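Peer 1: This is what each chain is made of:
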Amino acid sequence: MPREFVNYIVNRFFQVMLIVLFGFIAAFIIFRLLPGDPTISLLDPRVPPEAREELIKRFGLDRPLYEQFLLYLTNLARGDFGYSFVYIGVPVTTIIFGERLFNTVVLMSSAMLTSALLGTSLGLIMGFRGGLLDKLFTSTLYLLASAPVFWVGLLIQFYAGYRLNMIPIAGTTSFYFEEVPVYVLVLDYIHHMIGPLTVLTLFFTPLYYIYVRNVVSNVRGEDFVLTLRALGLSDLRILLRISRFALIATVTIIANESALLIVGAVFTETIFGWNGVGRLLYDSIFKADYPVLQGIFLLTIIVVATANFIADILYYFLDPRIKVKGLTRR
Amino acid sequence: MSSMRVLYGVLLGVLIVFSIASPMVSISQKAPPPGLPEVLEFEMLSLPWFPQSDKAAEVVAEQLSKIGVKVNLVRLESAVMYPRIQRTFDYDSFALAVSQTPNPLGMLLAFHSSEARPGGSNYWGYKNADVDNLIDKAFEARSESELREYAWKIQEMVSKGPFIPLFVSQNIQIIRAEWKNYTLMSGGIIEVYNRWSLLYMYKSDKPEENVFRIAFPSDILSTNPFMATDLRSLWVLNILYDPLVALDPNFKVIPWLAEKWEVRDDGRTYVFYLRKDIRFHDGKPLTADDVVFTFKVGIGNKTVRFAALAQFVESIEKVDDYTVRFKLSKPSYLFLLSLATNLVYVVPRHIWIDKPIDWGNPEPVGTGPFKWSSRKAGESIVLVRNPDYFMKGAPKISTLVIRVIPEAETRFLAIKRGEVDMERYSALPTLAPEAEKDPNLKVIVTPDIWLIYIAFNFRRFNDTRLFEAINYAINREEVIKRAVLGYGYPVHTILNKEWHGGLANKNIFFEYNPQKAVQILESIGYKLDARRGVMVYVGPPAVTTPPAMTTPPTETPATTPTLTTPARVSEAPSTAIIAIVIAIIVVAIAALYLLRRR
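Protein chains in written order, with our numbering: chain S, 1 to 330; chain P, 1 to 598.
Be a bit skeptical, because a hint or two may be false.
Subject to a maximum C-alpha distance of 25 Å in a straight line, what follows is the list of computed DMTMM-like cross-link-like pairs (lysine to aspartate or glutamate) [claimed, not checked]:
id	chain 1	residue 1	chain 2	residue 2
1	P	LYS203	S	GLU178
2	P	LYS376	S	GLU99
3	P	LYS497	P	GLU208
4	P	LYS55	P	GLU434
5	P	LYS55	P	GLU314
6	P	LYS396	S	GLU179
7	P	LYS260	P	ASP289
8	P	LYS66	P	GLU38
9	P	LYS416	S	ASP188
10	P	LYS396	S	GLU178
11	P	LYS442	P	GLU178
12	P	LYS160	P	ASP90
13	P	LYS206	S	GLU179
14	P	LYS376	S	ASP188
15	P	LYS296	P	GLU314
16	P	LYS180	P	ASP205
17	P	LYS376	S	ASP235
18	P	LYS376	S	GLU178
19	P	LYS203	S	ASP80
20	P	LYS260	P	ASP277
21	P	LYS318	P	GLU259
22	P	LYS376	S	GLU179
23	P	LYS66	P	ASP92
24	P	LYS55	S	ASP283
25	P	LYS70	P	GLU41
26	P	LYS416	P	GLU259
27	P	LYS355	S	ASP80
28	P	LYS70	P	GLU115
29	P	LYS416	S	GLU178
30	P	LYS376	S	ASP319
31	P	LYS160	P	GLU62
32	P	LYS481	P	ASP463
33	P	LYS203	P	GLU363
34	P	LYS296	P	ASP277
35	P	LYS55	P	GLU43
36	P	LYS260	P	GLU314
37	P	LYS206	S	GLU178
38	P	LYS284	P	ASP354
39	P	LYS180	P	GLU208
40	P	LYS516	P	ASP463
The hints are simulated quantities; they were obtained by calculation from the structure and are not laboratory data.
It should be emphasised that the depicted structure is a prediction, and the values quoted were computed from it without experimental measurement.
Based on the provided sequences and hints, a complete structural model is requested.
Peer 2: Next up, the structure:
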């Protein structure tokens, strides 16, 4: 491994750690500044004040702020994200990690993968060709990007699910208590995922398409492309060479949108009853369940930081300017 | 330059004319006595996610504005609104719904001055010593007829109070047509007070086909029978556990886990004789030890569900393996009713003996008609039939699946498609016509569990005539028609016949009479300021009406209004307006002088 590369990685790693730490501090501050009374959703107002005080003591909401902060950091280090205000006695890690996270990650990663592939390849081809087809695709995809997710989701649910019976209406599975072989469960799961996956792909593809198409149409006017053409390379080969630029764009977008991996599908999950973290986020905001919200927030910070870190590593291979100039301080 | 002078002259002239002409139409206000507002303009808090009360508040605001009472709706989030209503009491008025139970205890208590504290149920702060007395007496009534006597008196007095009930909404239950044999009660066919439908409902003669799927809007919060507060969790607990006594379809108390009971010592002692054939889901029999343990722990810790019983019960003792004696601090018919309606269940002592009171209870074990099978957090709960249930032949449903589907329209689609059989709550009124047309669905309409009301802050406004007037100014029928498309029953008192039967005072009725409302308001001392469109306080009218008053516009400062309908009042300008006018003139002249220097 070249020394510059190692330096580069290590540098980025420390920066990422710092970002995560700042993110944790920000999470702490934000959640203490919110209005409203967090114990409202926990207690019947007819509960006598002594019981309320007891619960406030238990959650440590009456200690001075700096004490709460230290407690907060030590708990995080141990992996204790606290207990939910709403689901009495259930730790936040149990609520978020487990089924919900699995469902969301599976859905979102499939959606991001398909939309990235679709968007990038379409953008590559259309950006290179130009012409009527390009205009057609661009306008359609702009339209899709502007359509509210909620609306598209309801349409698909109604027509594909109810009218045409092609996909189930809601949920992640049809089998709640029946004994069925594993492959049936898996196929059923995928069958239930088709609806939300379609909605999300329709929603995210334009993002990749537009970006990539712009990059490619700018690049195809460059001198080196003219040179390649003069040398007699076929269109396909030129396209392959240009794809490196497209990939940089795609990696950038994925890194930016990586937060969506956790919380990107709030509307979709709500409409299709997909039991995931997006829906949990919405419910928790509604019920003022601060520990769960904080847990989701922290998880998102970690995911975004990691995604950007990986993107930086990939840039090193994709973007030659980084190899030449490097990012190590001299 | 002379043209500029003409311009200045015209400007000055216009200003003088305006300053004389405009202030004529205002009314001279007076400071009202404490407990009445200067201007009948109120801020009303409302929750936008509860469309019944929110839309009702809109309609009420419109109706009140017609008589000169201005209501400004402020939409707030629950986490912001509830503390203001329940703790800091920082509001003028609000619109909300209260869940009904067949037990009037809660509603009556909400008007007792002892509950007018942060965290109490008397959000509106009503304080009346006579009413307090009556409520205390009602709590010691020995029989239903005695309770009725006090309840009627309380309702009469409280109807002139800050709590203005509007209507009880209707529950529109959409269920797949193949299900039969359910029982209709107030609240719907499966509400927590109705144990009967789920026991006897079936759709097929083959037991394995009787799988009942119900859709919930969100997951249940707790499976702890001591601490659960929300009706979703309680719905599930209600069929996993059993109470000592229950309610029949007419809301009368009947034996359940206790097969009979005796009342001794003039109503101070209740002895319950338990059935001997009851087993918990793990096979162990239910005995008096479990009952004594449950109530001692629940009442002793004043847990959420048992707190209301604490005021009645002095001690609980085991007499023998199947007999329990309750000694009450005072005789009360409401105690027995509360045992049936407060959703208090008997838990197994051998499981709970070493657990903290707020234990998560992940796999509940009770005596109820359904047993816990499995759960996927946030998604589904599966319960199965209890084959050893003490009622023979019940339940007929073999498996009960609860699915979480957050969107109302999605739930409806799922029912139409057959993925679920019904949903937990009332469908939106807008979906009812479509459901009626579908032969696969049945629409069942019953009184729902919500009483929609508006309430004023008695700490700020305590003249009861004000509330009486507002009652007459509200057209409840129109509110029902516009807020819930007609799916509601108008209510004029705090208890209603849909839930409380004979305890509701039939004689209290406020017909829609805006003229009477205006009359009452004027007799208090309000007058409509036509320019602002709102009533302002001018002082109570003189006892004798003076003969034909002709007050010329700019002269005598007359302030006595007549009792006839409000007309455009031309009275003398108040001092404030005069001061403003003079200021304007001075400023205008100064500006003109300064501009001339250019």
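Peer 1: Which hint numbers does the structure go against, in order from smallest to largest?
Peer 2: Violated hints: 3, 5, 17, 19, 26, 28, 30, 32, 33; rest satisfied.
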